[in-house]
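K.L.:
Sequence:
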Amino acid sequence: MTFDDADTIESTNDSSGERNRLIAAARQVMERNGWWGFKVENVLKQSGLSTRSFYRHFEKKSDLLMAVLDEELAELAVRLRRATAGAPTHTGKVRAYLTTTIDFAYSPDFADRSSLLASLWRELIDEYPEAIEHCTEKLIAPLSEIMVAGHDAGELESEDPLGDSRAVFYMLWSITADQAALGSRSTRAEVEDMALGFVTRAIGIRPN
3 MTFDDADTIE
13 STNDSSGERN
23 RLIAAARQVM
33 ERNGWWGFKV
43 ENVLKQSGLS
53 TRSFYRHFEK
63 KSDLLMAVLD
73 EELAELAVRL
83 RRATAGAPTH
93 TGKVRAYLTT
103 TIDFAYSPDF
113 ADRSSLLASL
123 WRELIDEYPE
133 AIEHCTEKLI
143 APLSEIMVAG
153 HDAGELESED
163 PLGDSRAVFY
173 MLWSITADQA
183 ALGSRSTRAE
193 VEDMALGFVT
203 RAIGIRPN
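To convert, take the position in the sequence shown, counting from 1, and add 2; that gives the numbering used here.
These are calculated hints, taken from the structure and not from any lab test.
Glycine residues also receive a C-beta, built at the ideal position from the N, C-alpha and C atoms.
Watch out, some of these pointers could steer you wrong.
Said to hold, decoys possible - Below, simulated DSS-like cross-link-like pairs (lysine-lysine); rule was C-alpha separation at most 25 angstroms, straight line: (1) 47 x 63; (2) 41 x 63; (3) 140 x 47; (4) 62 x 41; (5) 47 x 62.
As the list claims (entries may be wrong) - What follows is a list of derived Cβ distance ranges for each label pair: (6) 54 x 127: 28 to 34 angstroms; (7) 164 x 189: 40 to 46 angstroms; (8) 161 x 131: 27 to 33 angstroms; (9) 188 x 76: 27 to 33 angstroms; (10) 202 x 54: 53 to 59 angstroms; (11) 30 x 202: 24 to 30 angstroms; (12) 64 x 200: 30 to 36 angstroms; (13) 89 x 63: 28 to 34 angstroms; (14) 61 x 150: 47 to 53 angstroms; (15) 109 x 62: 28 to 34 angstroms; (16) 53 x 114: 15 to 21 angstroms; (17) 114 x 80: 15 to 21 angstroms; (18) 79 x 57: 26 to 32 angstroms.
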């Protein structure tokens, strides 16, 4: 490795660290103020970085918001994988995916955050359709893998496991986003019964 190579690596690491600091600061600011009260100057104050640092990584505020949404949804995808991994059957894994997704709207520790993410998703989808689709694929992936494996094992009835996974995801995400935004006007049991009924008919998961 030459000195030039070492300098390049160090510069890349510094740049990545700076970007991560901005995203982390943005998440903290958003937790306090929501995206509607979100200002870049507050992010810079929180991060201790300069305006020049911001424009090294983002052209505008919405670019930073999209980076925040991407990171938040990637963490949700990890939660879904962890929740489904513990179930011993494919049917159980589908149930775990469903209930965990609904929890995003009803859990006391997560409902406010879900409302924020749903609002942010709707705000950014027209400007960043490809990035939103990338986020969507990460959230669908745990379910689609379960559906394909369950279909191959003969445990789940689905002629199109990938297509059905997308349909189930959008149904669940729509319910979760609406409930989070509306302050959970329907009870969790009502939402789960409705969602489980749809999924049972669609892919033939077994009742308890």
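K.L.:
Of all the hints given earlier, name the ones this structure violates by number, lowest first.
P.N.:
Failing hints, ascending: 3, 7, 11, 13, 14 and 16.
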